[in-house]
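Peer 1: So the sequences go chain by chain: A and B.
The C-terminal position of the first sequence is numbered 487 in my numbering, with every residue numbered one higher than the one before it.
The C-terminal position of the second sequence is numbered 224 in my numbering, with every residue numbered one higher than the one before it.
If you're looking for bench data, these hints aren't it; they were derived computationally from the structure.
Keep in mind that a hint or two might mislead.
[Unchecked claim] No farther apart than 30 Å at their CA atoms in a straight line, the calculated lysine-lysine pairs in the DSS-like style are these: (1) A/K5 / B/K7; (2) B/K7 / A/K3; (3) A/K136 / A/K306; (4) B/K69 / A/K120; (5) B/K131 / A/K3; (6) B/K54 / B/K131; (7) A/K5 / B/K73; (8) A/K142 / A/K3; (9) B/K7 / A/K473; (10) A/K473 / B/K73.
[Said to hold, decoys possible] On the chain B side, residues computed to face chain A include the following (Cβ under 10 Å): (11) S10; (12) Y13; (13) D20; (14) I24; (15) S43; (16) T56; (17) L85; (18) M92; (19) V93; (20) G94; (21) Y107; (22) H109; (23) N153; (24) F222.
[To be verified] Cβ-Cβ distance ranges computed for the label pairs, FRET-style: (25) A/L8 / B/L16: 24 to 30 Å; (26) A/L8 / B/H154: 24 to 30 Å; (27) A/T12 / B/I218: 49 to 55 Å.
All C-beta atoms in this analysis are idealised placements derived from N, C-alpha and C, irrespective of residue type, glycine included.
Here is how the chains run, residue by residue.
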Amino acid sequence: MTKRKMFLRMITASLLRRRSRMLIALLSIAIGATILSGLVTIYYDVPRQMGAQFRSYGANMILLPEDGGALTQASMDRALSAVPAENLVGATPYRYVRLDMTSRQQSFTTAGTVFAEVQKTSPYFSVEGEYPQGSKEILVGKEIADTIGVKAGSYIQLTYRPSVTVHENASDDWVPGASLSGSAEGFNAGIVVVEATLDEDAKIASITVDASSQTEEIGGQVATDRNFLARFIGQSLPLTLGEDVDAVSGATVSSQAVVDALNNSRSADSGTTVTEQSGYFNVTGILVTGGEEESYIFMSLEDLEKLTRDDSLDVAELSISANADQLDGYAAAINESGEGVTAKLVKRVTRSETAVLGKLQALVFLVTVVVLLLTTICVSTTMMAVVSERRREIGLRKALGAPDSSIRAEFLGEGMFLGGLGGLLGAALGFVFAQVVSVNVFGSSITFQPLLLPITLVVSMLIAAVSCLLPIKRAVAIDPALVLKGE
Amino acid sequence: MSLLELKNVSKIYGELKALDNINIHVDKGEWVAIMGPSGSGKSTMMNIIGCMDKPTVGEVLLDGVDISKESSKNLTDIRRDKIGLVFQQFHMVGYLTAVENVMVSQYYHSMPDEEEALEALGRVGLRERAKHLPSQLSGGEQQRVCVARALINHPELILADEPTGNLDEANENIVLDLFRQLHDEGTTLIVVTHDPEVAEAAQRTIVLEHGRVAREVINENFGK
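The shape of chain B in the complex, shown without the other chains (with noise of 0.2 Å):
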């Protein structure tokens, strides 16, 4: 069953063709990595598929629901109960704490809650780190703060932009084993990098060039 659909999907800035005819589809649970050099259309459809963007022309089913026609409120409403956001620079709120930033996410969902905040700061091994600035933390540790806010709502997908690209391999696998925790637990993952090792923990990968899909490569080593 499809969690994410692009159908016909162009994104146009003037002369520019951003997205040029985009067909995916994402079934539920899939991990689905999107490959592609600059300036390919990554970051266009990162944005569209986040509900912080809207495509020129085509449909984008997320749940069964087509968002390229909602309002910017509703699309913040849709990606607050149902995306987990993980960029490539961290970004935590540089007053808050770790544990204050995952509540951060809690409060505009629902309700903050401390000590399932902790809990999820545990998971990704940080609860003795919770009462610390980000400027205290190290960027692997921001990285895995903001995993621990990603999945503090349980969102349907979690959606991350280069997470691993300013990390050493030792916190790159710290985060690629987090993330295949959430795969095992069901959650739809797409990750958008440069990095084939990234790549290839995917079920499947996506080549973008030229706002179009390129190729798709099944991962056949996935879980072995």
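If we strip away everything but chain A, and leave its shape as in the complex, we get (with noise of 0.2 Å):
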């Protein structure tokens, strides 16, 4: 037998058969070690736990078009090669257009945008019900919801009605047969329409309204009333209302369209009409989230642009997983880009996620070494205890002629052994407590780190070294000579 046999089999002998000391002293390495690659696994997870939080909470960065450009999905998507894919959680477009309710004359703001992405840049949305997968599908905001009265399954009728534009030249249109086309905002925001023809002298000669959109019995007079639109004919445009032409008694606002749509109106042969576009939706959930979201309707950028015919974005909300610094950068290389897109940081989100961060990194850090400090302690008062126990032993074996190194050598070894063992044990109870700790407090898994097996090791090791330290140095002023005294 070798000597390194004998000395394995004299430690394991002295840990497995003194068990109960041995025992709290591998206890107490063992209760560190597991604090200690417990804290360090949620160390390292807490970036990634708390980046996930904070992007919980919206979007970090906006795209907005720059004066006098255009935001599309294309440039987005160009402007967006500045930032990383994997960093990329998300990057959704919006385009904001007033839609009609047919049935209820009320208009409501419409977003339009990509489903997939909303869900990874605003994961605090609710739907009751399901979001949108295909074409022809809406969300419908809780408030709007509530107010005119859908739910989930619901069809809904949505109509564009191209926006009032006042032409600065409308007169230029005003020649003699021309035909000519205008709207105008009537009561209640309807929109009348109206059609007029002008004879050899620029005069108007006839005229049609569409006043559907106005309350019939009133405001709907405009387009029936016989002698209120006798007194059009003859005219020349522009027209003022009570000087021109009277209102309709009672439809004062109608009556202000008519004259309005006739003065905004334009020669068809321009070829500016624009005609209205109109669709039946099924709503297929209610969105809730606690702000604004809940009085829009979302639909999806394809369905949007087939009624407005126009492919315009008025914002981008990405997110995106870094800390502040890199947000800057990413935006100023996106402002950079050329791509007439401009990228402004949520910086609420980021700044308050470095911080806390910090925070909470430097308390873990604190709370380990604290941890680190009293494991020390503990095991070092154990093995003093050990120490003062086994004094004859310690005094025989150097009546025997043990050198001090052996002393030292032995009680090392048994340190050394407690601590790989304690540090064990602890790595995989660690790994357990961190998490318990993420699922509780971050509501997520984390996945084991095989490095931190090796560190908890050597720290565990390294730490019963160290504990060992001063009882070794009692151990080896232990006087032989007691072992003759009959102590």
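Fit chain to chain and form the complex, with the hints in mind.
Peer 2: Structure representation (structure tokens):
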């Protein structure tokens, strides 16, 4: 048998046959190692966890069209090439348009977007029902749903009417023989559309009014009241209500709309007329956010484009996994990309994320240091007790000729063995501990860091070794003669 | 030829002279008993001979080497190489088996050899008990293990401190018989004892009183 084998045999015998005392030392090391590996796991996992937490509060960067520029899906995609794909959690384009709900004669802000991205950049959106999957499917904000009484499964008709635009030089079109078309806002934001023809003197020869958006018995009369309509024949544009024509009694607003529509009217030949687009949409879900989104309708960009014949975007919300400095860098890169796109940080979120992370990590670090210190003290105390318990044995070993180095090696060996075993236990328990904390606090599980096993093992053995220093000093100082004194 | 020689050895603790100008010599192969009442300086002398203490004054020659001036590290080496110790309280490592306790002595001396350790246990009649822990052995058995441990490295000198003090008569006789065998093989024995019967087993008895050698008695019945 070699000396090394005997050394191991003595150490294992000491540990195995004196279990109760050694269990205490083992337990304190294991607990220390558990806290160590658990906290270190959390320490490294916290940024990921917290990042996910913060991003669940919404986007941390937005893209806007530059002054005079335009934001489109294509320019957005090109601008986003500045952000590494693995860091880009989601990019959601939005276009806001007011659409009329035909049956209620009300108009609502409607957002065209990409639903798959919405779920990434606005994870806090809660949908009663389901997100739209195909075309002609929409989400309705809870506030609107409550007002108009729709629920998941309902169908509603939405209409896009081109917004009223005043042509500065509309009078250029008022030439003899022209066919004119114009529109203006009437009662309750309803649009009144007027078509007219001019005679050879550029005076009104005929007039047709579409006032179906107005209240039928009141404003609606502007389309049917022959006396009212007759007053327009032979007039020259522009007209003033009350001077050139009198309003229909009780329908002043609608009458004014007819006059405005004529004054806005342009030649049908100039090709600027946009006819309204309408469609039926299936409500697949009601959106509940607690915010202003509840007063919006959401549909796919494709559907909105079909209604409006326009593919421009108003804004894009981005969710990027990065710290504040990196975000600044990405924003600068996008602004310099020359795509006519401006990137802005949602500073509130990114700043607080960085600050909270720093504080949390400092706290975890502090706790780890304190726990390691306590473990050292605890193990040291236990080893000290072990030494006084074994005074006679140590004296005997020295009397038998054990050199000091041998006594040191034996105690250090026992300590390291305990440290290794405790570290192994601690690494396993620590992962469980971190997992429990992570699931309870952050609501998500963590992955095992293989590197943590050797780190915990080494630190535990180091702590055990440091804890043994003072006890070993005591052991070495024991006088071998004490075994003769019959103590 | 002398193995051990104490020349004018004194050990002084403050006012107290534990040993007062002692002169002793022990020949190789001799069996000497040291007797004396409590406080006569037996333990102090034992510690000095056992290389666990140094005299205040005087020379101690062990196998021709003056050990009175050696460093404690060298004393440890000398003790390990030349002396086998047997104690009154047996002193075994509680968590090691009988054979492992014997092997501890080999471990510090040279190389552990389980076969040899088992042979030594066989010699003290305990081969069957080799795998027992001290708590499973009687006092007499423990002391026999200690004798096996003391002789395993073939020391020049076996130094025994009240080896039968805690034993019944039957076990005392077994231990004394072991000493006789060792003596017959040429091992030098120094046995510190209160017990006149144990002292009478030796060739010569040195009696200490108040730190001095009071008298020396040659046992005329030795070997008869």
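Peer 1: Holds or violated: B/K7 with A/K3, Cα cutoff 30 Å?
Peer 2: Roughly 39 Å separates the two Cα atoms, so the pair is violated.
Peer 1: Is the interface hint for B/S10 satisfied, with its Cβ closer than 10 Å to some Cβ of chain A?
Peer 2: Violated, about 18 Å.
Peer 1: Should the interface hint for B/F222 be scored as holding, given a Cβ-Cβ cut-off of 10 Å against chain A?
Peer 2: Nearest chain A Cβ about 26 Å off; hint violated.
Peer 1: Closer than 10 Å between Cβ atoms is the bar; does B/Y13 clear it against chain A? Give me holds or violated.
Peer 2: With Cβ-Cβ at 13 Å, over 10 Å, it is violated.
Peer 1: Is A/K136 within 30 Å of A/K306, Cα to Cα?
Peer 2: Given pair A/K136, A/K306 holds - Cα atoms ~10 Å apart, limit 30 Å.
Peer 1: Should the interface hint for B/G94 be scored as holding, given a Cβ-Cβ cut-off of 10 Å against chain A?
Peer 2: holds, 7 Å
Peer 1: Hint says 24 to 30 Å; check whether the CB-CB distance for A/L8 and B/H154 agrees.
Peer 2: Cβ of A/L8 to Cβ of B/H154: about 26 Å, so the range 24 to 30 Å holds.
Peer 1: Given the hinted pair B/K54 and B/K131, is their Cα-Cα distance within 30 Å?
Peer 2: Answer violated: B/K54 to B/K131 is near 38 Å, above 30 Å.
Peer 1: Take the C-alpha atoms of A/K5 and B/K73, compute the straight-line distance between them, and say whether it is at most 30 Å.
Peer 2: Given that 30 Å is the threshold and the Cα spacing comes to 25 Å, the pair holds.
Peer 1: Does B/K7 lie within 30 Å of A/K5 when you go C-alpha to C-alpha?
Peer 2: Answer violated: A/K5 to B/K7 is near 44 Å, above 30 Å.
Peer 1: A/L8 and B/L16, beta-carbon distance inside 24 to 30 Å?
Peer 2: The hinted range 24 to 30 Å is violated for A/L8 and B/L16, with Cβ atoms some 46 Å apart.
Peer 1: Closer than 10 Å between Cβ atoms is the bar; does B/L85 clear it against chain A? Give me holds or violated.
Peer 2: For B/L85, the interface hint holds, since the closest Cβ of chain A sits about 6 Å away, which is under 10 Å.
The structure shown violates the earlier hints numbered 1, 2, 4, 6, 8, 9, 11, 12, 13, 14, 16, 24, 25.
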